[in-house]
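On the provided structure of chain A, position chain B as indicated by the hints.
As they're listed, the protein sequences go chains A and B.
Taking the working numbering, the leading residue of the first sequence gets 96, the next gets one more, and so forth.
Taking the working numbering, the leading residue of the second sequence gets 96, the next gets one more, and so forth.
Incorrect hints may appear among the rest.
A pair counts as met if it fits within one copy or between any two copies, since identical chains are not told apart.
[Claimed, not checked] Straight-line Cα separation of at most 25 Å, SDA-like style, residue types lysine to any residue; simulated pairs:
(1) Lys399 to Gly251
(2) Lys399 to Ala208
(3) Lys399 to Pro204
(4) Lys151 to Val118
(5) Lys405 to Thr285
(6) Lys399 to Gln250
None of these hints come from the bench; they were simulated from the model.
Model, not experiment: these values are computed from the prediction.
Listed below are the residues making up each chain.
2 protein chains.
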Amino acid sequence: MEHNSDIDILISEVGPRDGLQSVKATMPTALKLQWISALAASGLREIEIGSFVSPKLLPQMADAAELVAHALTLPNLFVTALVPNFKGAQAAFEAGVHKITMPISVSEPHSLANIRRTHQQAFDEVRNVVALRNARFPEIEIEAGLSTVFGCTIQGEVPDDDTIRIALLMAELGVDEIGLADTVGYANPTQVRRLFTRLRRELGAKAGSAHFHNTRGQGLANVVAALEVGVTTLDASQGGIGGCPYAPGASGNIVTEDLVYLLESMGLRTGVDIDRLVAARQWLQQGLPGEPLYGFIPDAGVGKNFSYAKKAV
Amino acid sequence: MEHNSDIDILISEVGPRDGLQSVKATMPTALKLQWISALAASGLREIEIGSFVSPKLLPQMADAAELVAHALTLPNLFVTALVPNFKGAQAAFEAGVHKITMPISVSEPHSLANIRRTHQQAFDEVRNVVALRNARFPEIEIEAGLSTVFGCTIQGEVPDDDTIRIALLMAELGVDEIGLADTVGYANPTQVRRLFTRLRRELGAKAGSAHFHNTRGQGLANVVAALEVGVTTLDASQGGIGGCPYAPGASGNIVTEDLVYLLESMGLRTGVDIDRLVAARQWLQQGLPGEPLYGFIPDAGVGKNFSYAKKAV
Numbered sequence: 096m097e098h099n100s101d102i103d104i105l106i107s108e109v110g111p112r113d114g115l116q117s118v119k120a121t122m123p124t125a126l127k128l129q130w131i132s133a134l135a136a137s138g139l140r141e142i143e144i145g146s147f148v149s150p151k152l153l154p155q156m157a158d159a160a161e162l163v164a165h166a167l168t169l170p171n172l173f174v175t176a177l178v179p180n181f182k183g184a185q186a187a188f189e190a191g192v193h194k195i196t197m198p199i200s201v202s203e204p205h206s207l208a209n210i211r212r213t214h215q216q217a218f219d220e221v222r223n224v225v226a227l228r229n230a231r232f233p234e235i236e237i238e239a240g241l242s243t244v245f246g247c248t249i250q251g252e253v254p255d256d257d258t259i260r261i262a263l264l265m266a267e268l269g270v271d272e273i274g275l276a277d278t279v280g281y282a283n284p285t286q287v288r289r290l291f292t293r294l295r296r297e298l299g300a301k302a303g304s305a306h307f308h309n310t311r312g313q314g315l316a317n318v319v320a321a322l323e324v325g326v327t328t329l330d331a332s333q334g335g336i337g338g339c340p341y342a343p344g345a346s347g348n349i350v351t352e353d354l355v356y357l358l359e360s361m362g363l364r365t366g367v368d369i370d371r372l373v374a375a376r377q378w379l380q381q382g383l384p385g386e387p388l389y390g391f392i393p394d395a396g397v398g399k400n401f402s403y404a405k406k407a408v
Numbered sequence: 096m097e098h099n100s101d102i103d104i105l106i107s108e109v110g111p112r113d114g115l116q117s118v119k120a121t122m123p124t125a126l127k128l129q130w131i132s133a134l135a136a137s138g139l140r141e142i143e144i145g146s147f148v149s150p151k152l153l154p155q156m157a158d159a160a161e162l163v164a165h166a167l168t169l170p171n172l173f174v175t176a177l178v179p180n181f182k183g184a185q186a187a188f189e190a191g192v193h194k195i196t197m198p199i200s201v202s203e204p205h206s207l208a209n210i211r212r213t214h215q216q217a218f219d220e221v222r223n224v225v226a227l228r229n230a231r232f233p234e235i236e237i238e239a240g241l242s243t244v245f246g247c248t249i250q251g252e253v254p255d256d257d258t259i260r261i262a263l264l265m266a267e268l269g270v271d272e273i274g275l276a277d278t279v280g281y282a283n284p285t286q287v288r289r290l291f292t293r294l295r296r297e298l299g300a301k302a303g304s305a306h307f308h309n310t311r312g313q314g315l316a317n318v319v320a321a322l323e324v325g326v327t328t329l330d331a332s333q334g335g336i337g338g339c340p341y342a343p344g345a346s347g348n349i350v351t352e353d354l355v356y357l358l359e360s361m362g363l364r365t366g367v368d369i370d371r372l373v374a375a376r377q378w379l380q381q382g383l384p385g386e387p388l389y390g391f392i393p394d395a396g397v398g399k400n401f402s403y404a405k406k407a408v
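The shape of chain A in the complex, shown without the other chains (with noise of 0.2 Å):
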């Protein structure tokens, strides 16, 4: 998505993908549509909505096409979903989708236990649904998000090299936008500078967001230095919910809450309130009783010398 002028940073909110999908029980849909137009009414411009794969596969995520239909009636949103495969855009298109996410495993054997395809596979699904879009949904964007960029719990360390390949070869097929994911949670500062300074002097205006988990404890860290080189879309999640849950603190994705108070704090505006942010908390605590939500700044609140950043003059 293409920023609006009154803010710096977007942040793209994927709790309604990226976090109900790992947690096993199903939120209801009623609140689902509850907690999206509050997350809207907050500021966010993005949702990442759901995933359009098999019910039997996802069972929560089994009302994609309902939940995009609603977003799509919230004012200066971006809706956007997670898609897997050919048969998961052609759904996605007909739901009316903005932009689709395709994850693409950068580890080979990540990509086979995960999906069951190997890269040749997996990308010819790409070319395909660059395809299907260019010809019938020439609006939609399509954005590939390349998984385990900072490692892999298969194959451990994954070249830098390996990721700007696959890169380059999304741009080539006619994806939009690539952006990195540390699926794992094994990224660092170091690691983070340099992957996106490189991808950003490849691809130039296709190097797209970061999405970074919070297994270490390392999130934030990675996002100070994401945004020293340029990086301007950030995924992250209500309640850092999403990914692989370690108590105690051990949120998945990086906490939406905590981001835009520190994206605020810093100077970059977000568009985001935080008081409303905090209060849409109590749907996703209504959908899924007792499922622990993370992030500070829900508990500790904004510090007293706390205010929103302002458009440089």
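Just chain B now, with coordinates in the frame of chain A:
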């Protein structure tokens, strides 16, 4: 402390002081001794052993001299203590610490509320302590720990100029090192870069450590900013004990375990062995049963792509 040539960043472990003084329960001395030994055995080079303060005020700290005597027997350990006043300094000097840290609130309302002293009274105390050191304990270092530098719960904003003025005064009074502390977890990376850059420019070699609290989850993000502008000494506490505990995940000080992982991942040598450091938690758990310990690395473990930093060739 001068860094040894085999580390890049000095971690000053403040758990036995900042941590234990914030906890209501008193950890038995015998277990504190075991804990301090285990922390030193993990490779930590500097430990703030306790606070030389009236046992009526802080009974948790009554055994400071005994702990110092023990810590001085441990190899390669720089032994420091917090000292709020002249009487405490005298006791710490006599106990044989290598360094004392005197806290000075840059916010005068905070100084009055916290230690019932005006700025002038606090500065006079430092002057007297320096005189005592110069006369009778010339090898012992004196650090001023400027607190509420990044904002204050009473005063709100704290101007940078106030911080720098007091830092310069401390140097003039004969203090060896001036560190900056985010007492209440208000700091953000932009502010951290700005203040430490200025501190180093104005004080040169006397510019000291960064002491961050994780009250708002921004601790390691602030570390990344501090590293960028050349800070090489960082305070942290095992298990993140200390400060204001908000649950879940809201530690007080930044967590030593997670900090070591961050630094080593970034290629910065700390001298600390993570497994041994995590093992040291057993003493804290035994000494403070039921007290929540924080940190992601103890639960999540290091990533499969992790390796310790090596000396740059």
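Up to 25 Å CA-CA - Gln250 versus Lys399, copy category: Intra 46 Å, inter 8 Å, cutoff 25 Å: inter-copy only.
Homomeric proximity label, Lys399 with Pro204: Cα distance no greater than 25 Å: between (49 Å within a copy, 14 Å between copies)
Lys399 and Gly251: within-copy, between-copy, both or neither at 25 Å Cα: between (43 Å within a copy, 5 Å between copies)
Copy assignment of Lys151 with Val118, given that the CA separation must stay at most 25 Å: For Lys151 and Val118, the Cα distance is within 25 Å only inside one copy (15 Å; across copies 49 Å).
Intra- versus inter-subunit Cα pairing at 25 Å for Lys399 with Ala208: between (48 Å within a copy, 17 Å between copies)
Homo-oligomer pair classification [Thr285, Lys405; C-alpha up to 25 Å]: between (29 Å within a copy, 14 Å between copies)
Figure legend: structure checked against the earlier numbered hints; every hint is met.
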